[in-house]
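Once you've looked at the hints, dock chain B against the given chain A.
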Amino acid sequence: MIHFHNVTKEYENQTALRNITFSVGKGEMVFITGHSGSGKTTLLKLIYLAEKIDKGSISVSGWELEKLAESGIPFLRRNIGIVFQDFKLLANRNVFENVALALRIRGMGEKEIKGKVFEALKTVYLRHKTDSYPKALSGGEQQKVVIARAIVADPTVLLADEPTGNLDPDTASGIIRTFKEINACGTTVLIATHNRELFRNTGRRVIKLDAGNLIGEELG
Amino acid sequence: MKFLPYSFNISIQSLIRDKWINLLSMVTIAAGLFIISLAFFLAYNIDMATEKLPEKFTMLLYLEDNLQKEYTDNIINSVKKNKAVLSVKYISKEDALKELKSALKNSNYIFEGLEENPLPDALELKLRKDLVGPETAKKISEEVLKIKGVSEVDYGETFLSTIQYIRIGIKTIGIIMAIILSAGIIFVCYSTVKMLYYRRQEEFETFKLLGATRGFIRAPFIFEGAIIGLGGGLLSLFGMYVFYYMVILKFSVTIPFFKMILFPSDLFLVLPFLGMLLGIAGAALALGRLKY
Numbered sequence: 001m002i003h004f005h006n007v008t009k010e011y012e013n014q015t016a017l018r019n020i021t022f023s024v025g026k027g028e029m030v031f032i033t034g035h036s037g038s039g040k041t042t043l044l045k046l047i048y049l050a051e052k053i054d055k056g057s058i059s060v061s062g063w064e065l066e067k068l069a070e071s072g073i074p075f076l077r078r079n080i081g082i083v084f085q086d087f088k089l090l091a092n093r094n095v096f097e098n099v100a101l102a103l104r105i106r107g108m109g110e111k112e113i114k115g116k117v118f119e120a121l122k123t124v125y126l127r128h129k130t131d132s133y134p135k136a137l138s139g140g141e142q143q144k145v146v147i148a149r150a151i152v153a154d155p156t157v158l159l160a161d162e163p164t165g166n167l168d169p170d171t172a173s174g175i176i177r178t179f180k181e182i183n184a185c186g187t188t189v190l191i192a193t194h195n196r197e198l199f200r201n202t203g204r205r206v207i208k209l210d211a212g213n214l215i216g217e218e219l220g
Numbered sequence: 001m002k003f004l005p006y007s008f009n010i011s012i013q014s015l016i017r018d019k020w021i022n023l024l025s026m027v028t029i030a031a032g033l034f035i036i037s038l039a040f041f042l043a044y045n046i047d048m049a050t051e052k053l054p055e056k057f058t059m060l061l062y063l064e065d066n067l068q069k070e071y072t073d074n075i076i077n078s079v080k081k082n083k084a085v086l087s088v089k090y091i092s093k094e095d096a097l098k099e100l101k102s103a104l105k106n107s108n109y110i111f112e113g114l115e116e117n118p119l120p121d122a123l124e125l126k127l128r129k130d131l132v133g134p135e136t137a138k139k140i141s142e143e144v145l146k147i148k149g150v151s152e153v154d155y156g157e158t159f160l161s162t163i164q165y166i167r168i169g170i171k172t173i174g175i176i177m178a179i180i181l182s183a184g185i186i187f188v189c190y191s192t193v194k195m196l197y198y199r200r201q202e203e204f205e206t207f208k209l210l211g212a213t214r215g216f217i218r219a220p221f222i223f224e225g226a227i228i229g230l231g232g233g234l235l236s237l238f239g240m241y242v243f244y245y246m247v248i249l250k251f252s253v254t255i256p257f258f259k260m261i262l263f264p265s266d267l268f269l270v271l272p273f274l275g276m277l278l279g280i281a282g283a284a285l286a287l288g289r290l291k292y
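Quick mapping for you: the protein sequence lines, in order, are chains A and B. Taken in order, the first sequence gives residues 1 to 220; the numbers are from the numbering used here. Taken in order, the second sequence gives residues 1 to 292; the numbers are from the numbering used here.
Chain A on its own, in the form it takes in the complex:
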């Protein structure tokens, strides 16, 4: 599903990732961990081409990213659900519209949008907050809206960047439970986190990064 082969990414003489090679199979749920600045976010950004690859190759669901033309990027991103670290919710749109945006971009009809959005909000237990605006929601609720937006279009891959960053332990474990449920439906899930508690005893693969190097793998 996701293959990194000798991938290097540099920012103005600073190497963010160095010769990274790993694979994630279809339907897997994998954690990427490391300290701040270890390259977790950069690695995720390379997958949805928010950053360009300097060296090496990446393939995602059969897309050869280093060969992909700019016009193809939107279509790659439509296969990937992304849970952003900074949420990227639109303050002037309510919960329904924020989630529906991912479907409107795909040109879906109103009736279908309504059904899918309500289903996604049900998955994250937020059906009752449809008309609320992001500012009126707690951090955990906002995170759930982002997850709902990421899964609403049934992506093949779900990426989450520090999805429990500012959440209390109970809310954080609730979020991870939601990811497990989504993964159980066959979606490949890749979660970048510095919080070791999240993957402890999960039995899932954990890829460890340090200063841009892949230093090993373990089971959580």
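Note that these hints are calculated values from the structure, not bench results. If you're wondering where the values come from, they're calculated on a predicted model, not measured in any experiment. Please note: incorrect hints may appear among the correct ones.
Residues of chain A placed beyond 10 angstroms of chain B at every Cβ, according to the derived structure [said to hold, decoys possible]: (1) 12; (2) 58; (3) 131; (4) 136; (5) 156; (6) 167; (7) 181; (8) 197.
In silico lysine to aspartate or glutamate, DMTMM-like type, Cα no more than 25 angstroms apart, as pairs [unchecked claim]: (9) B:83 / B:142; (10) A:52 / B:205; (11) A:129 / A:170; (12) B:208 / A:119; (13) A:122 / A:112; (14) A:135 / B:203; (15) A:135 / B:202; (16) A:45 / B:205; (17) B:208 / A:70; (18) B:208 / A:51; (19) B:138 / B:152; (20) B:208 / A:110; (21) A:135 / B:205; (22) B:208 / A:170; (23) B:208 / A:154; (24) A:67 / B:205; (25) A:45 / B:202; (26) B:83 / B:124; (27) A:88 / A:168; (28) A:208 / A:86; (29) A:45 / B:203; (30) B:208 / A:161; (31) A:135 / B:18; (32) B:2 / A:119; (33) A:122 / A:161; (34) A:88 / B:202; (35) B:19 / A:97; (36) B:194 / A:70; (37) A:88 / B:203; (38) B:80 / B:94; (39) B:2 / A:110; (40) A:52 / B:203.
A virtual CB, placed ideally from N, CA and C, is assigned to each residue, including glycine.
Using the frame of chain A, we list chain B on its own:
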């Protein structure tokens, strides 16, 4: 393209949200289009006023004295062969004098002591309406002067040239003004859309990350540009209509000449369409090439 209805909704919401900026742009566009319309209005009315002149235009060919009838008929036939000539009328020197006398009936003393008719026989030529112009008239004049028996040609060369210069001059000034003001209108739309885009840039970054195509991001702005331009066009049309009814028709009560001035009906279609087109052009330029 399924997203177009949504894009249209977004553009309407944005137009309402930033109503003052958009209204200001519309008024600016309307002012520009109003000036273009005025030039068009002027050109149109001058065209209408001069349209009937070719029908009245005649050339006079003065013939040498004492030509035999047969010879005169030959000249008439030669002149008729020219494709630009519509009709030829023979005016004898007697008829010409009679006409002159009737025209100057209050100054008949001029003819006192006149022993001989000083006027020559003449041919009056009418040209085909579409071919009337200084160049055609000059060409025909040169050709007929070569015919033996024709002594002089008179066709009001200066008058024809002046009319031609006025028409060309007004059209040229109109076109130049239209080009300059159209560029100005495009710039207004460009600036408005650019400003609106920057205000919502963060939103569009999210759109892109969620898989929005360039078309999805651009479409609302193109709609906005079109609506602003259309609004400007309709406002300028309203302005022109008010100008015509409040100024021109009001003046026509005291100055009858103003009654001849017409409102070009083409403006009802041209102004809104032109405004919309310029609005779209400005928006398209402002968005340029979106990077991913």
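Against the structure, the hints:
no.	hint	result
1	12	19 angstroms, holds
2	58	16 angstroms, holds
3	131	17 angstroms, holds
4	136	19 angstroms, holds
5	156	13 angstroms, holds
6	167	21 angstroms, holds
7	181	22 angstroms, holds
8	197	28 angstroms, holds
9	B:83 / B:142	15 angstroms, holds
10	A:52 / B:205	16 angstroms, holds
11	A:129 / A:170	20 angstroms, holds
12	B:208 / A:119	24 angstroms, holds
13	A:122 / A:112	15 angstroms, holds
14	A:135 / B:203	16 angstroms, holds
15	A:135 / B:202	17 angstroms, holds
16	A:45 / B:205	14 angstroms, holds
17	B:208 / A:70	12 angstroms, holds
18	B:208 / A:51	13 angstroms, holds
19	B:138 / B:152	13 angstroms, holds
20	B:208 / A:110	21 angstroms, holds
21	A:135 / B:205	20 angstroms, holds
22	B:208 / A:170	33 angstroms, violated
23	B:208 / A:154	18 angstroms, holds
24	A:67 / B:205	22 angstroms, holds
25	A:45 / B:202	17 angstroms, holds
26	B:83 / B:124	16 angstroms, holds
27	A:88 / A:168	20 angstroms, holds
28	A:208 / A:86	22 angstroms, holds
29	A:45 / B:203	18 angstroms, holds
30	B:208 / A:161	17 angstroms, holds
31	A:135 / B:18	22 angstroms, holds
32	B:2 / A:119	22 angstroms, holds
33	A:122 / A:161	22 angstroms, holds
34	A:88 / B:202	9 angstroms, holds
35	B:19 / A:97	23 angstroms, holds
36	B:194 / A:70	22 angstroms, holds
37	A:88 / B:203	8 angstroms, holds
38	B:80 / B:94	23 angstroms, holds
39	B:2 / A:110	11 angstroms, holds
40	A:52 / B:203	22 angstroms, holds
Violated hint for the displayed structure: number 22, the only one.
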